[in-house]
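Student: What follows is each chain in one-letter form.
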Amino acid sequence: MTAHRVSRRLFLSTGGALVVGFAISPAVAQPQKPEQNGDAQADTAQQLPGSLQKAPYLDSWIAIDAKNGITVFTGKAELGQGIKTTLIQCAAEQLNVDFAAIKLVTADTERTPNEGYTAGSHSMQDSGTAILNAAAQVRGILIDLAAARFNMAADQLKAQGGKVTAPDGQSVSYGELVTGQDLHRMAQPTSPLKDPKDFSVMGKPVPRIDIPGKLTGGAMYVQDMRMNGMLHARVVRPPSYGAQLLNVDTAAVQKMPGVVNVVRDGSFLAVVANGEFQAIDAMNALSAAAEWHETAQLPEQRDIHQHLESLPSQDQTIDDRGDPNEQGVRVLKARYSRPYLSHGSIGPSCAVALYHGGKLTVWTHTQGVYPLRNTIANLVHLPQGAVRCIHVEGAGCYGQNGADDVAADVAVIARAMPGKPIRLQWMREQEHGWEPYGPAQSASVSAALDDNGKIVAWNYEVWSNTHSTRPEGLPGVLIAARYLEHPFQPPPPKPIPMPEGGGDRNAIPLYTIANSRVVYHFIPEMPIRVSALRSLGAPMNIFAIESFMDELANAANADPVEFRLKHLDDPRARDVVAKAAQEFGWKKDAKLPRGLGHGFAFARYKNLAAYCAIAMEVSVEHETGAVKIGRVVAAVDSGQAVNPDGIRNQVEGAIVQSASWALYESVTFDRKTVTSRDWSSYPMVRFSLVPESIDVHIIDRPGEKFLGTGECGQAPTQAAVANGIARATGVRLRDMPLTPAKIKQAIGV
Amino acid sequence: MISLNVNGRQHQVDVDPRTPLLYVLRNVLKLNAAKFGCGLGQCGACTVLVGTSPIFSCLTPVSVVAGRPVRTVEGLGTADSPGPVQKAFIEEQSAQCGYCIPGMIMRTQALLERNPSPTETQIRAALEPNLCRCGTHMRILRAARRAAKSMTAGAQQQRRPT
Amino acid sequence: MIWRVLAGFMLVLILAFVGFYAWSIRPEIPALAETPAPSSFSPDQIKRGAQLASLGDCTTCHTTRNGRPYAGGLPVPTPFGTLYASNITPDRETGIGAWPEDAFRRALREGVGRKGTHYYPAFPYDHFTFGSDDDIAAIYAFLMTREPVRQLNRTPDLIFPLDSRLFAAGWQLLFLHKGPYEADASKDPDWNRGAYLADSVGHCGACHTPRNFLGAEERGDRFGGGTGENWTGPALNQSSPAPVPWTADQLYAYLRHGFADQHGTAAGPMQPVVSNMQKLPDEDVRALAAYFASLEGPQEAAARERQAKDAVEFAQQREVKVAGGPATNATIGSGGNSDDANSDGAAIFAGACATCHHDGRALPASRPTPIGLSSVVNEPTPTNFVQIVLNGIHPQPGMRGPLMPGFAGALTNQQIAAVASYVRGQFSKQPAWQNVDKAVSSATRQQASAESAQ
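Chains as they are written, first to last, in our numbering: chain R, 1 to 749; chain F, 1 to 162; chain E, 1 to 454.
Read the hints as simulated data drawn from the structure, not as lab findings. Be aware that a few hints might be false.
Not the full set, but computed from the structure, chain E residues with beta-carbon under 10 Å of chain R [stated by the list, open to error]: (1) Ile46; (2) Tyr70; (3) Thr155; (4) Lys279; (5) Pro397.
Model, not experiment: these values are computed from the prediction. Every residue, glycine too, gets a C-beta built ideally from N, C-alpha and C.
All chains, please: the whole structure from these sequences, using the hints.
Tutor: Quick look at the structure:
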């Protein structure tokens with residue numbers, strides 16, 4: 001969004017009369033009534049920027065108290081991606097105040113706007129944009145108020161450092177200005193945004209506000225919460241999906257030291273104790289005493305892709321251009337796949353709840369406090385207004401981990417024990433065994449090259465379950481709901497529509513190809529529980545597309561980078577590709593010793609968000625097939641870069657995480673149940689295996705839209721690894737994880 | 001009653017001697033840094049020091065450390081006055097969700113106390129027992145290197161005659 | 001008079017020495033003009049060589065932790081000092097690239113290098129000597145087709161005067177029984193295949209057979225138990241400490257997958273042995289399994305089954321309940337100064353070990369084999385038990401496998417000793433271990449010095 005120089009007169013005239021009566025109470029956004037706000041969807045013909053469309057009143061976002069304290073509200077949650085800091089940067093910049101002058105309140109169904117889920121790398125696009133614009137508009141209002149007070153023209157005044165100053169030296173603080181005034185007015189479609197050239201805090205690597213506390217023992221996570229009289233709970237999960245609790249003698253467990261209550265509702269079983277270790281002891285005893293009737297029949301893991309592809313599917317053609325049967329001079333085909341992947345949050349999910357005076361409060365690290373609140377209300381049969389969900393940080397979730405389930409679990413327990421704050425912590429085995437995984441996917445691709453080495457036809461099909469079973473009000477998606485005496489049924493899964501997509505996210509190549517057909521086989525039946533894992537279907541689709549691009553480049557005798565540029569028209573895409581190649585020192589026809597390969601890959605997340613290109617050195621030990629990643633260079637274009645260090649942090653992390661997925665990870669299961677229950681049975685990368693170095697180069701686009709960053713690095717990493725392995729060994733592997741055993745098998749003696 | 005020495009202070013705690021040290025630190029002594037990650041000694045989020053050795057507090061019954069000096073992140077410094085390792089991690093912005101970082105800090109502290117100038121390989125080997133899911137490894141390594149440098153420089157400073 | 005006797009005696013000694021010295025001189029085998037091209041070896045031969053090298057586990061000694069494969073450099077500690085494994089890549093100057101096949105065969109059969117130098121028996125040529133001509137040729141083909149690496153060999157660090165190669169020569173004179181393997185006509189071909197593989201390339205006896213004071217294996221007590229790298233290699237014959245007699249199927253599972261039902265997981269030096277053995281074809285692993293199963297002695301099937309059943313029952317009965325079992329009522333004095341070491345050990349076990357080593361009815365998850373079935377707690381000494389407690393068991397990074405954390409630093413020597421005594425008493429029918437304190441303190445000392453050497 002380019003900076004607008006809106007004339008003051010135009011701005012005021014569209015705003016109409018100012019509304020009187022600003023909040024005097026401490027910084028709480030004025031009576032939210034989010035439903036009201038929701039109804040007040042801007043009915044202007046023009047879209048409001050970002051989440052302002054959903055919550056158009058300025059005081060939903062910004063409050064200024066009489067003492068000049070500024071509070072900013074966001075419906076998004078801090079997941080460890082640094083969003084708290086970045087949003088404050090946006091507000092501080094546009095309000096022209098110090099970074100330290102702003103207090104941020106995050107996702108709380110009683111205090112903040114409803115911005116749905118913190119997911120899909122939307123935080124900056126949605127909330128950042130809203131806050132940026134709201135703050136700019138508030139700055140404009142403050143100047144107008146001061147102009148009226150000083151009886152001067154607005155363009156003579158400056159809003160800076162918490163006050164508005166006139167040329168003759170008069171000044172009035174923001175807090176004094178709005179005292180008695182109301183910011184309860186609708187936002188406008190355009191804002192007096194500052195020129196990026198004048199930025200003093202946006203675009204700067206401001207240190208994150210949450211880091212010092214996290215590194216010095218502050219109470220920063222929901223796991224750290226302590227309340228008076230708080231009790232510790234543990235659930236007992238069944239041994240397999242759908243098992244029914246036949247018998248459990250709770251009497252002996254009730255007598256164990258510290259045990260306060262055993263909660264049983266159908267097959268839902270939990271224990272509550274005074275001390276945490278007492279709760280664990282009791283959980284183990286209950287687990288040992290419980291008798292289950294197991295019915296689960298899981299498919300054979302070895303044939304999982306065949307199995308999934310054989311299930312009924314809803315087929316959608318999502319790209320259909322020209323004649324995809326165009327033959328060209330050479331046709332190549334390949335199939336690719338990836339297994340179920342675990343979020344593997346380092347801290348198993350946790351939630352705290354208190355049911356008191358007819359009101360249920362849940363402290364949770366969910367990604368969506370509003371949808372969760374609606375779902376829990378239905379689960380425990382309370383009106384929505386009687387349930388409050390407050391986001392408190394957990395460990396990184398990378399999508400839907402156990403957070404929503406543990407919140408539902410604790411809600412059931414707390415509802416049964418009014419007046420008692422309950423803290424429920426999942427065990428490692430429960431998180432690994434019961435979280436909804438990233439779905440297993442497979443793809444088949446064929447393409448034709450003409451005699452100029454250009455792709456003339458492209459055929460791509462991808463098979464996948466849904467990538468979201470997130471709670472949206474119906475409880476049946478959550479574990480607790482399914483095991484109650486009167487269980488809720490899960491609603492039928494629906495595909496996420498394009499252009500964002502789920503299993504088909506990034507299934508359409510960004511490359512310019514005249515004839516192309518892409519089909520998404522959406523498979524509703526889910527033999528294994530699945531939901532959103534960071535970047536959804538993108539890593540698999542880009543793994544396939546970008547591996548295949550290398551295979552095509554090989555067939556065309558072309559350099560992989562040149563081959564991509566030959567088919568890329570988007571100038572910003574070309575820029576990241578060129579930048580990554582240049583900073584890496586990519587040499588066409590580099591002569592590398594056996595066992596060393598350079599891998600390259602590129603993707604634009606969702607074909608509409610951030611651009612990312614990655615080049616890396618990959619070594620493969622011939623004798624063992626072991627992979628070591630050397631130098632990694634990434635180029636990222638996230639639009640206007642608010643916190644460059646935050647972008648680097650996210651992309652570095654995405655690369656390490658995604659390389660681990662590609663090389664080591666897969667959920668394992670036998671015919672009855674998931675068997676990967678801890679880090680010994682679900683290995684991931686350790687320090688000895690992380691890359692030698694990662695350098696992230698940011699192409700900053702001041703004034704451009706925020707494109708998000710949290711998920712742009714995942715997809716190209718996997719393909720870059722596979723391409724590096726292919727160049728190092730001469731063999732092409734297409735089924736993740738790319739383990740040493742698989743690689744050694746392929747390269748032979 | 002079990003007698004504990006944590007961050008230089010004496011405590012008498014009345015818990016089942018089997019109780020893992022982690023729960024005593026968090027729930028009885030109200031220290032937040034050491035975290036529950038797995039309870040199986042596989043991830044290191046619970047790492048604290050006993051003497052100069054890093055241990056998994058999730059698997060160490062409190063009775064085992066009775067009378068031995070236990071150190072947690074809280075004992076290394078505060079947000080206003082962080083210790084050298086904490087300072088290095090803050091300066092390198094070495095965290096994403098941050099959940100694993102206290103464990104990383106304790107293991108780094110133990111390494112640098114034993115080996116003030118570790119090589120890259122030695123740093124990686126020392127941190128091997130600890131997992132990070134966000135992929136913050138590169139920054140953690142940078143922070144460890146930075147801490148080593150600053151601690152060596154600090155030691156040299158101290159040795160310089162005034 | 002006496003002087004003449006002495007003089008005569010000295011003369012005999014000198015003559016004997018001269019004769020011995022002359023005998024010990026071995027000719028140099030001329031270097032090849034050119035390193036053989038990889039294409040000069042048949043793919044089948046190379047493949048067979050790879051399989052045998054996999055069984056022989058060449059890489060474990062001939063590769064340093066972060067070094068190139070087969071380039072050597074790994075220190076091999078012996079009671080006589082430290083040796084360094086040599087570079088066996090086909091590098092002409094620093095490896096074996098100039099070695100003709102004859103020289104390679106002589107090295108494996110006779111323990112003599114191309115230039116005539118005698119090898120110390122840390123290189124187990126007393127086993128490789130049993131290899132057949134074809135197999136030795138295959139291993140040669142495999143090594144000659146590896147990546148050549150330039151890395152100079154290090155000279156050994158031995159206690160004077162053992163650093164003279166004459167001692168190696170002398171050792172060979174006394175103890176080397178040259179091969180190749182001679183089949184035992186009274187046994188079937190499968191048994192012989194297993195015996196051949198175990199005794200030749202497999203060199204299992206190097207760790208699992210006791211040695212005399214000069215470091216030679218006691219042929220009269222084959223597979224009676226030995227040592228390797230600070231661990232003990234348990235007896236694999238009738239003195240096997242395993243409570244359940246090993247069946248061929250269980251041995252196959254252990255060697256192929258590193259884990260056997262009713263026994264447990266490969267630990268310590270057996271971990272790389274098993275993981276490096278992956279290339280050996282199934283038939284060969286089964287032959288090895290059958291051979292070792294036969295060593296446990298001619299017990300009739302019914303007796304073995306009864307023994308297994310009893311062992312399983314005993315082990316299950318002795319399992320600690322994860323939430324309150326026989327150990328949890330034990331109290332412990334502050335600082336662990338209780339007089340009753342066993343109750344200390346019990347309490348430590350309940351808190352530190354039982355989370356995973358419990359009776360299996362808690363959280364469904366991968367769970368270790370009942371301790372009572374493990375060889376480790378039934379061995380004559382606590383060496384292996386202490387190693388496992390100190391170091392834990394770790395899969396290779398990025399790979400699936402049993403993961404037990406180490407307790408070095410967490411438990412004091414006294415606490416480890418207490419747990420060792422408790423475990424022995426709780427889970428084994430064997431008499432108590434002696435000198436547990438000494439075993440613990442020497443193991444922790446070894447570990448500490450290994451760490452500081454890193």
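Student: Run every hint past the structure and note whether it holds.
Tutor: Here's how the hints hold up against the structure:
Proximity of Ile46 (chain E) to chain R holds as hinted, the smallest CB-CB distance being about 6 Å (cut-off 10 Å). Interface hint status for Tyr70 (chain E): upheld, as the beta-carbon distance to the closest one in chain R is roughly 8 Å, under 10 Å. The interface hint given for Thr155 (chain E) is violated, since its Cβ lies 27 Å from the closest Cβ of chain R, which is over the 10 Å cut-off. Taken as an interface hint, Lys279 (chain E) checks out: its beta carbon lies about 8 Å from the nearest beta carbon of chain R, inside 10 Å.
Residue-level restraint check for Pro397 (chain E) holds (minimum Cβ-Cβ distance to chain R is 5 Å; threshold 10 Å).
Consistency with the previously given hints fails for number 3 only.
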